[in-house]
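Chemist: Residue numbers (my numbering): 6 to 190.
A few of these clues could be false.
[Said to hold, decoys possible] Label pairs and their calculated CB-CB ranges:
{"#": "1", "residue 1": "Pro-58", "residue 2": "Arg-109", "range": "22 to 28 Å"}
{"#": "2", "residue 1": "Leu-74", "residue 2": "Val-160", "range": "15 to 21 Å"}
{"#": "3", "residue 1": "Leu-164", "residue 2": "Ala-86", "range": "14 to 20 Å"}
{"#": "4", "residue 1": "Ser-172", "residue 2": "Gln-139", "range": "30 to 36 Å"}
{"#": "5", "residue 1": "Ser-72", "residue 2": "Asp-159", "range": "19 to 25 Å"}
{"#": "6", "residue 1": "Ala-49", "residue 2": "Gln-139", "range": "20 to 26 Å"}
{"#": "7", "residue 1": "Leu-74", "residue 2": "Leu-151", "range": "24 to 30 Å"}
{"#": "8", "residue 1": "Arg-57", "residue 2": "Ser-116", "range": "16 to 22 Å"}
{"#": "9", "residue 1": "Tyr-106", "residue 2": "Leu-164", "range": "17 to 23 Å"}
{"#": "10", "residue 1": "Thr-157", "residue 2": "Glu-91", "range": "25 to 31 Å"}
{"#": "11", "residue 1": "Asn-131", "residue 2": "Ser-72", "range": "34 to 40 Å"}
Quick caveat, the hints were computed from the structure, so don't treat them as lab data. Every residue, glycine too, gets a C-beta built ideally from N, C-alpha and C.
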Amino acid sequence: MTKRSVTAIWCLAFALVGVMGIGLGRLSVGQPVPMDLWCDGESARQVQINARPAWIMTRFSLDLSPSDLSHLRMATRVIDADTRAEIGVMNRYSAFRVKKYGSRLMVEVDSSLKSNTDNMSQEQLNSLDLFIFQPKSSLSYWMQPLGETRYTIDVGENLFVLCSRRSPLKPWARVVMVLARSSRI
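With the hints as extra help, turn the sequences into a complete structure.
Modeler: Laid out in structure tokens, this is it:
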């Protein structure tokens, strides 16, 4: 074997190993996971309203859809910390579009509704960040995976929303699930 043929074999082997490495790298990265998430839960936060301690208790249901409108339903009660009396109620709904860029969740608010039973004072409302309920708002949140199917969304003030990736459902099953969960709020 001549020196020239040995060099050609080594170059060919080097190129083959390089191509195989690129192929294995692409396979190991996998496909990006579609962002089809369901998040629901409760939170409680102590605040000062009219110089008195109060609790803001919130139940929420968040449906993040990658291709359609996403939805947030939120029911909030304000409880006087001393008397335990309910001093405010708020029920809101928001529809928006989401896109994920790296660790950022970009939100474009499309529309929002509020209940006729809302009775919160302006001071109570000021203690809440209600940007998600303002149409045409552009918002950004940090989003981090906690495993293969769980994610957290940082909504500020050391408050995180825990979400689960939805398994693929038939369209009729998704409608039933949304109706069942929204009836709890």
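Chemist: Against each hint, give a clear statement of whether it holds in the structure.
Modeler: Hints, verified against the model:
Checking the proposed 22 to 28 Å range against Pro-58 and Arg-109 shows it is violated: the Cβ atoms sit about 35 Å from each other. The hinted window of 15 to 21 Å between Leu-74 and Val-160 holds, with their beta carbons roughly 19 Å apart. Between Leu-164 and Ala-86 the beta carbon distance is about 19 Å. The supplied range of 14 to 20 Å therefore holds. About 33 Å separates the C-beta atoms of Ser-172 and Gln-139, a value consistent with the hinted range of 30 to 36 Å.
About 24 Å separates the C-beta atoms of Ser-72 and Asp-159, a value consistent with the hinted range of 19 to 25 Å. One distance hint, 20 to 26 Å for the beta-carbon pair Ala-49 and Gln-139, holds here, with the actual separation near 24 Å. In this structure the hint that Leu-74 and Leu-151 lie 24 to 30 Å apart at CB holds, the actual value being about 25 Å. In this structure, Arg-57 and Ser-116 break the distance hint of 16 to 22 Å, their C-beta atoms being roughly 35 Å apart.
In this structure the supplied range 17 to 23 Å holds for Tyr-106 paired with Leu-164, their Cβ-Cβ distance being about 22 Å. In this structure the hint that Thr-157 and Glu-91 lie 25 to 31 Å apart at CB holds, the actual value being about 30 Å. Remark: the range hint 34 to 40 Å for Asn-131 to Ser-72 is upheld by a beta-carbon distance near 35 Å.
The structure shown violates the earlier hints numbered 1 and 8.
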